[in-house]
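Hints in hand, dock the two standalone chains.
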Amino acid sequence: MEKLLAISDLTVQYVTNNETITAVDSVNLEIDRNQLLAVIGESGCGKSTLGLSIIGLLPPNSKASGEIEYKGKNLLTLKQKQMRNYRGTEVAMIFQEPLTSLNPVYRVGDQIASAIQLRRLRDDRRDKTEDEVMQKAYKRDAVTLSRIQKPGRKIPREDKIETVKWLDLVRIADPEQVMERYPFELSGGMAQRVMIAIALSQEPALLIADEPTTALDVTTQAQVLKLMRDLMKQVNTSILLISHDLAVASQVADRIVVMYAGEIAEDAEVHDLFSEPMHPYTKGLLACIPHGTKDDSRFDAIPGSIPDMRRLPKGCRFNPRCPYAFDHCRSTIPKLIRAKENHQVSCFLYAK
Amino acid sequence: MQSDQTLLRTVNLKKHFPIRKGLNPFSRAEQRYVRAVDGMSISIPPGKTLGVVGESGCGKTTLAKTILLLTPPTSGEIYFDGRRIDNGQTNRRELYRNMQMVFQDPESSLDPRMKVGDSIGEMVRELMALGEGEIRNLVSESLRAVGLSEEQSERLPKQLSGGQKQRVAIARAITPRPKLVILDEPTSALDASVQAQILALLVDLQKKLNLSYMLITHNVAVAKYLSDMIAVMYCGNMVEYGPTVAVIDKPRHPYTIALIKSAPIPDPWRRNLLQTEIKGEVPSAINPPPGCRFNPRCPYAENICLQENPPLNEIAPSHQAACHFVEKTANVTESTSP
Numbered sequence: 001m002e003k004l005l006a007i008s009d010l011t012v013q014y015v016t017n018n019e020t021i022t023a024v025d026s027v028n029l030e031i032d033r034n035q036l037l038a039v040i041g042e043s044g045c046g047k048s049t050l051g052l053s054i055i056g057l058l059p060p061n062s063k064a065s066g067e068i069e070y071k072g073k074n075l076l077t078l079k080q081k082q083m084r085n086y087r088g089t090e091v092a093m094i095f096q097e098p099l100t101s102l103n104p105v106y107r108v109g110d111q112i113a114s115a116i117q118l119r120r121l122r123d124d125r126r127d128k129t130e131d132e133v134m135q136k137a138y139k140r141d142a143v144t145l146s147r148i149q150k151p152g153r154k155i156p157r158e159d160k161i162e163t164v165k166w167l168d169l170v171r172i173a174d175p176e177q178v179m180e181r182y183p184f185e186l187s188g189g190m191a192q193r194v195m196i197a198i199a200l201s202q203e204p205a206l207l208i209a210d211e212p213t214t215a216l217d218v219t220t221q222a223q224v225l226k227l228m229r230d231l232m233k234q235v236n237t238s239i240l241l242i243s244h245d246l247a248v249a250s251q252v253a254d255r256i257v258v259m260y261a262g263e264i265a266e267d268a269e270v271h272d273l274f275s276e277p278m279h280p281y282t283k284g285l286l287a288c289i290p291h292g293t294k295d296d297s298r299f300d301a302i303p304g305s306i307p308d309m310r311r312l313p314k315g316c317r318f319n320p321r322c323p324y325a326f327d328h329c330r331s332t333i334p335k336l337i338r339a340k341e342n343h344q345v346s347c348f349l350y351a352k
Numbered sequence: 001m002q003s004d005q006t007l008l009r010t011v012n013l014k015k016h017f018p019i020r021k022g023l024n025p026f027s028r029a030e031q032r033y034v035r036a037v038d039g040m041s042i043s044i045p046p047g048k049t050l051g052v053v054g055e056s057g058c059g060k061t062t063l064a065k066t067i068l069l070l071t072p073p074t075s076g077e078i079y080f081d082g083r084r085i086d087n088g089q090t091n092r093r094e095l096y097r098n099m100q101m102v103f104q105d106p107e108s109s110l111d112p113r114m115k116v117g118d119s120i121g122e123m124v125r126e127l128m129a130l131g132e133g134e135i136r137n138l139v140s141e142s143l144r145a146v147g148l149s150e151e152q153s154e155r156l157p158k159q160l161s162g163g164q165k166q167r168v169a170i171a172r173a174i175t176p177r178p179k180l181v182i183l184d185e186p187t188s189a190l191d192a193s194v195q196a197q198i199l200a201l202l203v204d205l206q207k208k209l210n211l212s213y214m215l216i217t218h219n220v221a222v223a224k225y226l227s228d229m230i231a232v233m234y235c236g237n238m239v240e241y242g243p244t245v246a247v248i249d250k251p252r253h254p255y256t257i258a259l260i261k262s263a264p265i266p267d268p269w270r271r272n273l274l275q276t277e278i279k280g281e282v283p284s285a286i287n288p289p290p291g292c293r294f295n296p297r298c299p300y301a302e303n304i305c306l307q308e309n310p311p312l313n314e315i316a317p318s319h320q321a322a323c324h325f326v327e328k329t330a331n332v333t334e335s336t337s338p
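In the order they appear, the protein sequences are chains A and B.
Going by the working numbering, 63 is the number at position 63 of the first sequence; the sequence numbering is gapless.
Going by the working numbering, 290 is the number at position 290 of the second sequence; the sequence numbering is gapless.
Excised from the complex, chain B in its bound form (with noise of 0.2 Å):
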């Protein structure tokens, strides 16, 4: 066990939701599954981020869901701080002390009736034993880390720009002091110029307070300014796993390489936008393709990818990928980097 290195991992970890079968108690239909997380071996290590990447319904939310314990796993194990959390018998109070999650629409997980800084102060209440004193001076360290001023604390959410409510979503999650936050999408429902004034406080953050992050998006150019590590997942699967400059500069499996070449970049002599191939769209993940799931929009699919679903291969130290014709992929890119 690398626990000394590794502040969480997953092993083999899947997440099944199975689907109503209709109005008829009699009916003899198979059971079937949403295959959300299907089998995601991850770790990440203290003061490091690792970057989830992947489209719609690829089942990276779940994960983090997953991950947190607010769902339970269908399979496989989670460790937390050298600890398996994922037997029922974790002390949730002591886990979401160490384990916060910041959401993409901080509109919506922000009670409007409650000043922010109680919003704040109520889940400090809840987490640890602490006085009203201590808890008031808990809150406005952390907005004040964030850049939110103490009159602001004062405020409704109504009151506030997208921005600035995203900073107490952030403030909120980083006030416990907890070693890992799960970022969901952080600035994908704000303005360009806000974004960047959300990411740049992220790093501070993690550099002086010695944060782990897990970072959930679809947009390659945010995983790659943050994340040390990228996860690239493709309908509950994990298609390609590495160092970020590995996997954005020589990505190797055909939907990464796909992925990299969809994101646009900002530069008009460049237009790799409207030299896209690739076809198609996401299958469901009720009933995925057999075989590999990439098959059917994947420029080298071959007959075996049609039977067998590619186990992650290494192909570089810790640069794995998860395709049978990987050294097809091997001179495919230049850079087309964002």
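Just chain A, same shape as in the assembly (with noise of 0.2 Å):
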């Protein structure tokens, strides 16, 4: 397949005023084109921290190393400026709770015919050259600001067909009457919709959804989930699914890359990744999910809890809690290595 990003030796610090916290720690990851990568892991492992650097919105007293290859850039060494031009366009992003990345005051057909119309204005730059585009930013952004939606303002005829179109793609029925809402009016199912057809409507290479169904009901998940598999192939973009349940992971990735402490665990397709779990955290995950009832089965549950990332234990992060943990893994470091076609681990009990 062919390469859509490619994250080498990727850290991520957050500096505070008596510590530094390492929440992503020299992570390697490449993301192929119209593959859905799901990355795993529990609260605090890193997983957020890794779509908001891909995307460039990582806070201001974080501190970022290593490389994130898109198109032959560097996208940790953009200036904002020029991220102006991946962030939302080539990478877009959908967050856990829909209703807080809509604009409360803004109807939803606003916010998608402004979607829209952002898009065809850098549809037009594209002609011209980087430079061009870089020079005139500033005026060109009062330009934009003055040409897109406001609220109140009818709706141009072509960028209303336009919003109907991808209201009706993400499955929202009735899309007309529905463009005349408050993000206040719509379900937690129907506002995802809209931030996945805002999002879509960029046609960007990769969409980052993190946790998008975490805040949704069981019946609405299925169909979320379900549309983003169909579109993704429609639209012509990879996903990275953030997510914490594995069980979600292995009905729509492709490929799964586990998460422990800001280091990859495991990386691998995801049948691989089912039918031969190699690190013991990924064997500890699947053994946590309930299966069956009281009666018949029981759980090995991981004993202890997820380290505080400030005290990290010496060696390789999961020892305290690894059944096979040996000397060696409480000196050393593991190091992600292929221990099969298409299947990384991070874990002494593979090294050759």
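There could be a bad hint or two in this list.
Unchecked claim - Computed beta-carbon distance windows for the label pairs:
(1) E141(B) to Q177(A): 58 to 68 Å
(2) R155(B) to P313(A): 14 to 24 Å
(3) E158(A) to N24(B): 37 to 47 Å
(4) Q177(A) to P25(B): 31 to 41 Å
(5) G280(B) to R157(A): 22 to 32 Å
(6) R84(B) to T214(A): 35 to 45 Å
(7) V15(A) to N287(B): 48 to 58 Å
(8) P151(A) to G280(B): 27 to 37 Å
(9) R147(A) to K279(B): 35 to 45 Å
(10) D105(B) to R298(A): 23 to 33 Å
(11) K328(B) to D300(A): 33 to 43 Å
(12) P313(A) to E151(B): 12 to 22 Å
As the list claims (entries may be wrong) - Each computed DSSO-like pair below joins lysine-lysine, with the alpha-carbon atoms no more than 30 Å apart:
(13) K73(A) to K3(A)
(14) K179(B) to K65(B)
(15) K226(A) to K279(B)
(16) K226(A) to K3(A)
(17) K3(A) to K352(A)
(18) K283(A) to K335(A)
(19) K226(A) to K71(A)
(20) K314(A) to K352(A)
(21) K328(B) to K226(A)
(22) K150(A) to K160(A)
(23) K3(A) to K283(A)
(24) K48(B) to K65(B)
(25) K250(B) to K226(A)
(26) K71(A) to K3(A)
(27) K279(B) to K233(A)
(28) K65(B) to K14(B)
(29) K250(B) to K14(B)
(30) K283(A) to K207(B)
(31) K179(B) to K115(B)
(32) K279(B) to K328(B)
(33) K314(A) to K158(B)
(34) K233(A) to K160(A)
(35) K279(B) to K165(A)
(36) K63(A) to K158(B)
(37) K160(A) to K279(B)
(38) K250(B) to K328(B)
(39) K208(B) to K48(B)
Hints were generated in silico from the structure; no laboratory data involved.
Small disclaimer: the values here were computed from a predicted structure and weren't measured.
All residues carry an ideal CB built from backbone N, CA and C; glycine is no exception.
Next up, the structure:
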């Protein structure tokens, strides 16, 4: 498959007054075109930070090093203005709470139409060289702002047709009427569909979805995940799904990356991961999914809890909870190694 | 009355919340209600677990609050331990010694400025006439039962992890040695590995203390794991009720079928989620659709479903479903359960 984005040696640190916390530590990752890659991990494992670093939305107190290579450029070294040409257009993102991402005082139709208009402006710019665009960026932004949709202004006809088309595509019934609503009048599932419509209307090469269905009901979650999987082919995009739920990932992902305490524990094609989980943490996570009833099955729950990122254990970060840990694990940090074709694991049990 | 076999029983329990009519005091607008719980009859035997499964807004938490008398029921009856408790003459202290609740978010159910040991002690002091020494013993006994150390009882909630806080909440609930513990989404705020630990703990405690649980959850796999009986709620109504294995493996109400098919199973070779056929979302409980409340989303709906809300029909011993066409769903489910 064709490579879309390659992350190498990405390290992200958050700096506060008295300490520095490494949220993502030397992560190597590739995303292929038209692939749904799921990043799985428990809270605080760095999966959201990974997503934010790709789209350039890390908070100001963070330091990122390494390389995120996209179309021959390192996204980490781009200036804010250059990044703006990527963010939202080449790489889009949706979040857990759709209602906090939508503007509460704009009608849904205005918000989608403005996204469509912005994309059109970007397409116009495409013919020009990047320097030309950058030189006039400030002026252009002022023009841009005056031209995009404002509340109360009638949406131009062609934009309206496209807005309806996108609402149709995310399977919202009665799009003409939904366009007139404010975000608070939408249910959680509808709001997430609107977010997906806005994100995909930019025709991004990569959509980052950070826990997109965690706040939704089970039946709605199934619909939204199915929708994302269907649209992926239709719009020709890749999806980076960030989730805590291994069961959800098994249902939709092509490849799964398991993260633990800021590092990648295992990276494998989805069927390989489930037929032959290698890392003890992955095995533990699989055993933690409730199956059967209390009478016929018992949990082999992973003992203990995730480590405090300020006081990480020495050696392998999973060693205090690992049933297979030996002395070497307590002193040396394992590297991600290729154990099989399309299957990488960071564990000394598989070191040759 | 089968009060010997049931610890908790409700009969046609209803809770309707009136909607505020707006600012105009002379408004002629008709008084409307949110029919949060609309006729629930459940029973829980001692030492058993009833799982109440449903999506947000289906009324499952309101049902729990009504049973705990935190809000008075609109109509219906609640019996606990052989006595009717909703007649206004119940001694709350005595009731809460026997009936306790664990909430979803341990963060907000513990006082942030109180040591967790004191949080538990305070409740015991309130409910039981005991000396300080006995209280301290009870508290440390409960903490030990949930796997926390003496030293951790001296901490503030913010010094504990989410799982530890939920352990404290469970310790608090079991301290007065109740007969029934109502668990409202006890693991949905927790990480996967912690959820497994808490579920294992709940099973252990149930065996050791002969507790009954009423488990409220949206997670079919969790309900299957913990429950002996399952009640499926939709829009304030009970749509299916029966032994766990029957309801999960041979669901008969179209909504239960959809719910189980929508629950992700950890198996990339069986992608049930991508085959989901259910459309639409849970309707508002203010203006539920006429007839069967599931009819706008139901693949089997016919005219009668738009007019009559079906009663619960017995389809197998102690397995009931509220559907006009249960015979149509007899063969639709192969094993899709998580």
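### Task
Against the earlier hints, flag every one the structure doesn't satisfy and list their numbers going up.
Those not satisfied: there are none.
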